[in-house]
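Trainee: Protein chains in written order, with UniProt numbering: chain W, 1 to 208; chain F, 1 to 624; chain B, 1 to 110.
These are calculated hints, taken from the structure and not from any lab test. A virtual CB, placed ideally from N, CA and C, is assigned to each residue, including glycine. Be a bit skeptical, because a hint or two may be false.
When the alpha-carbon atoms are kept at most 27 Å apart in a straight line, the in silico DSS-like pairs for lysine-lysine are as follows [unchecked claim]:
#, chain 1, residue 1, chain 2, residue 2
1, W, Lys52, B, Lys19
2, W, Lys179, B, Lys18
3, F, Lys276, W, Lys26
4, W, Lys52, B, Lys18
5, W, Lys99, F, Lys276
6, B, Lys19, W, Lys179
7, F, Lys276, F, Lys330
8, B, Lys10, W, Lys99
9, B, Lys18, W, Lys26
10, W, Lys169, B, Lys19
11, F, Lys330, W, Lys169
Computed footprint of chain W on chain F, listed as stretches where at least three residues anywhere in the stretch have a Cβ under 8 Å from a Cβ of chain W [said to hold, decoys possible]:
#, stretch
12, 21-33
13, 195-203
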Amino acid sequence: MDLNTKFTPQSWPDHPETATMEAKNKFVGFWLFLGGETVLFATLFATYLALKNSVPDGNEFRTETLFELPLVFVMTMLLLTSSLTSVYAMYHMKNYNFKGMQVWLAITGFLGLGFLALEVYEFNHYIHLGFTFGNSAFSSAFYTLVGTHGLHVAIGLVWLTLLILRNAKRGLNLYNATKYYTFSLYWHFIDVVWVFIFTVVYLMGVVG
Amino acid sequence: MTTVANSVGQKKGFGATLWDWLTTVDHKKIGILYLIGGGFFFVLGGIEAMLIRLQLLIPNNDFVSAGFFNELITMHGTTMIFLAAMPLLFGFMNAIVPLQIGARDVAFPFINSLGFWMFFFGGLFLNLSWFLDAAPDAGWTSYASLSIASTGHGIDFYAIGLQIAGAGTLMAGINFLVTIINMRAPGMTYMRMPLFTWTTFVASALILFAFPPLTIGIFFLTFDRMFGGNFFDHTMGGNTIIWEHIFWIFGHPEVYILILPAFGIFSEIFSVFSRKRLFGYSAMVFATVLIGFLGFMVWAHHMFTVGLGPTANAIFAVATMAIAVPTGVKIFNWLLTMWGGSIKITTPMLYALGFIPSFVMGGVTGVQQGAAPLDYQLHDSYFIVAHFHYVIVGGVVLAILAATHYWWPKMFGTMLSEKLGKITFWFFFIGFHMTFFLQHFLGLMGMPRRVWTYMDGQGWNLFNLISTIGAILMAIGVIVLIINIIVTTARNERVGNDPWEDGRTLEWAIPSPPPFYNFAQTPLVRGLDTYWIEKQEGHKGYTAAEPVTDIHMPNGSIIPFFMTLGLFIAGFGAMYRVDHSWGLGVLVFGLAFTFLTMAIRSVKDDLGYYVTKDQIRRMERGRD
Amino acid sequence: MAHDIEIIEKTPAEYAYKKRRSDRLMRSQLMMFALMIFMTLISFAAVQAGFSAYFVIPVVLLLAAVQVGLQLYYFMHMSEKGHGLVAFFMYGGILIAFLTVLTFVTIIWW
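Same shape as in the complex, but just chain W:
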């Protein structure tokens, strides 16, 4: 592939993310990976649902009293909005607007960072209360499920940063278009997982 092909908004393909063989392979491959991740998170959710009321006698931590919904609501808004901003970034990519794409990707990154910071704050607060990883089966399941999601967000942010920095001087071409698209699929997926987390862990937890 020639990295030096010069495009214009008029000559940029309609679907740059699948315009080459490598791009098509990455597109299908990443969706399949997301299918596998669905089963991965389902196992974590299933274990959490089985163990969320399982604590040793005398243990005082319960889903009804532990979680604080206002914080979770702010986190949800941040992550959901970051999903929208990544859609904006892809819109600019479709229109061959490199600057626009980079700006919206950066905003996505900051929103994601905000989400992660709040999650770290939340975990820190729980640990100070004594709700540690080894506190009970419920705590192990909680931290593993929500922590795995947080880890996915963190990895996504590292990925995003690398993408933005690496390609800052290059502009858009058919080599990196599919990389941005794959990232945005990943980012939407972790938002999908979060929708289930705030519903199953926090909302259902508070209701009891």
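Mind docking chains F and B on chain W? Use the hints.
Mentor: Chains F and B alone, transformed into the frame defined by chain W:
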């Protein structure tokens, strides 16, 4: 753009050859690496089996201690399934599937290499347990109550070794799926793909969905043992049944991952050596997909005696019996393929003929065990051991041995000796039945499995003795195969494109072994068994779909090796963290090393290189 | 030639059409986003309002499923052409995910 060195007639030094193999992303070379690795672990697993059988040769034997026996059975099972059978099958999938679909490599050559090194280092990690502490001793199923309580680091080796190897398998699965979906040659619709490609496709889909639960289960085990988790500790609210469900949601599809490619291999062999197209191609495809789908619905038949209740047991019992139907369809279709055909009894065909009764026997005992009330009697007895060895050895191992003979010329350019091959077959086949047939009766007579010894006077002595002798015969067969390989390699008698003379699929249309770019021009596929069609019309090779043009090839890379090395180091850190203060540092260092190599891979552009038209023409001409 | 990607220059009319289409798509994405926020608000409100658990749990689960559907089909373009096979595999994953969760909430006990 770099030019490719003319690989014909160039003498490479030892260092250069080693570097070539360490950095290769060529699916054919990676296939050979998988065969070597898998073959090595197969011999290791076989030695473990021999020691097991020697211990059980006579009652009250003390050839090995009880603890060591538990390690032997655990490592035998784990090694054979994860480090022998799967990699050997991957070796053939890697070497052959791109050739069968007319592609030049797999979709992700770098990840292909990474998957291999993950398998290699995972297997190495697991087997270092023999030397470093204690090997795992809770069975290949490592049930959470026993495995949490197991002292020493044995189970940690199991968890971390399998985690690394399992990640490699998942990568390979996705790779094959995308390759088959996206890279088929023009004219090759899904319903014109050879059966081996179809079964690779369905098995890879099973890998995609079955390995994530295993990943999670092993993380839970790791967390409980090394990081203070409480998933399986009932005193803290945990539950051991969670492990069983997670393990078998993985474990049952796993055995279909093993057997489906074996079915694919035999479909090719029956067709070629009956000089007749496969009977009922569409039904075979449909049966494969159905087996794959149903394979996810039956896992709790490994848990009938756990106490899930009669409703759950009944549902899973019925689903288990349902799988027999598409399997039976396949058996009949193979038989009907032979019917009226012109049969050539070559070594691969011998294995295929031996497979039919052996696998059917294993299958029917499986359906018997699917009746939950009967399973209450049979569970944890030698009847179960007999069943799964019949399906795995009679199915998967016979397929691997058959494929070794069948595709050896394509992969290595020489032909294994038919005479030695048939000797291997008869020793192995007779030994296999001697060993495992009588174990059905041992089970029915009440002999439990996973016992390191048994008392005299229960009527079990004779069958155990014969069973051990059978194992010795199997070992002789494997030794003859190794001799065969050595002798063939030393003789180095080269063969042509289609040494079996009745090849029907695309891999037989190109030289043995193929040039590194596989096809000088992408082939045009004109129907099912496309090479057979070409041969019927008198053509020598395949029909091209494009003129000779520059070919884009991927670069090799040493990064997969180092990426995996980082995880290998991190594994030791995680394991020794509980004993030594340096553990955490090593863990972090290993993970950081892996992330660093990943970042290097991402940041450094790797656009591959081009083989020019003229170079291709020269290489093709040089061959004629 | 294998390494030549065809560059087609759009005419002004084609380009204007493409721009209009993508702008319209973006507006519908924005509308989907508003819907998602709305559904999230309802879920949180339903819990805060203190209704019975038997009512709240199915409602929030349903809203979550719908929101996930919107994410998949609109934000991740699963509704567009060329996504048939990936949708098939995604549904396969969802099926096994569902089975796993169903198992863990029914046949694990103390």
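Trainee: Now tell me, hint by hint, if it's right for this structure.
Mentor: Right, here's what the structure says about each hint:
no.: 1; hint: Lys52/W to Lys19/B; result: violated, 50 Å
no.: 2; hint: Lys179/W to Lys18/B; result: holds, 23 Å
no.: 3; hint: Lys276/F to Lys26/W; result: violated, 38 Å
no.: 4; hint: Lys52/W to Lys18/B; result: violated, 50 Å
no.: 5; hint: Lys99/W to Lys276/F; result: violated, 61 Å
no.: 6; hint: Lys19/B to Lys179/W; result: holds, 23 Å
no.: 7; hint: Lys276/F to Lys330/F; result: holds, 16 Å
no.: 8; hint: Lys10/B to Lys99/W; result: holds, 22 Å
no.: 9; hint: Lys18/B to Lys26/W; result: holds, 25 Å
no.: 10; hint: Lys169/W to Lys19/B; result: holds, 26 Å
no.: 11; hint: Lys330/F to Lys169/W; result: violated, 57 Å
no.: 12; hint: 21-33; result: violated (count 0)
no.: 13; hint: 195-203; result: violated (count 0)
The structure fails hints 1, 3, 4, 5, 11, 12, 13 (numbered hints given earlier, in ascending order).
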